[in-house]
Amino acid sequence: MQACQLGNVSALVARARLLDACGCAEEAMRCWKRTAKAGHLEGQLVYGLGLYRGIAGLQEEPQDAHMWLLRALKQAGLVLGYLAFDGEGSLKVDKAEATRYFRLAAGAGCREAEEVLGWVYNTGQYGAI
Numbered sequence: 155m156q157a158c159q160l161g162n163v164s165a166l167v168a169r170a171r172l173l174d175a176c177g178c179a180e181e182a183m184r185c186w187k188r189t190a191k192a193g194h195l196e197g198q199l200v201y202g203l204g205l206y207r208g209i210a211g212l213q214e215e216p217q218d219a220h221m222w223l224l225r226a227l228k229q230a231g232l233v234l235g236y237l238a239f240d241g242e243g244s245l246k247v248d249k250a251e252a253t254r255y256f257r258l259a260a261g262a263g264c265r266e267a268e269e270v271l272g273w274v275y276n277t278g279q280y281g282a283i
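The sequence shown finishes on residue 283 if you use my numbering, and the numbering steps up by one all the way, no holes.
Just so you know, these hints were derived from the structure itself, not from any lab.
Don't take every hint at face value.
Ranges between beta-carbon positions, derived for each pair [claimed, not checked]:
1. 276 - 156: 47 to 55 angstroms
2. 268 - 191: 22 to 30 angstroms
3. 171 - 261: 13 to 21 angstroms
Glycine residues also receive a C-beta, built at the ideal position from the N, C-alpha and C atoms.
Please model the complete structure; the sequences and the hints are all you need to start from.
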């Protein structure tokens, strides 16, 4: 509990998950909000969805939901792009799919995705789009 009070993101995520599992949705959402503000992907997604749906004590706030979900998309799109581009693990290399993910992340405002897209296009590694 002390780690949560000090703002430890890992502790806040663990607490939010436990509270969700116990049915304490409103208290869990307060934890998710703190993790979202700290830049945690799952926190941004859960909090954004909560604002979109107006659940767990939150009012429906489409503009705020949009902001948080875009922040999550920036991170997720970039990672998905790298996974498809490199064919990590058991994934096949798929340059076209990677390019689509990088474009999504760039469209959401991810600067790194914009830079990667520039390199992908300049080197002709974008596959058939």
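Do the hints match the structure? See the list:
{"no.": "1", "hint": "276 - 156: 47 to 55 angstroms", "in the structure": "50 angstroms, holds"}
{"no.": "2", "hint": "268 - 191: 22 to 30 angstroms", "in the structure": "24 angstroms, holds"}
{"no.": "3", "hint": "171 - 261: 13 to 21 angstroms", "in the structure": "30 angstroms, violated"}
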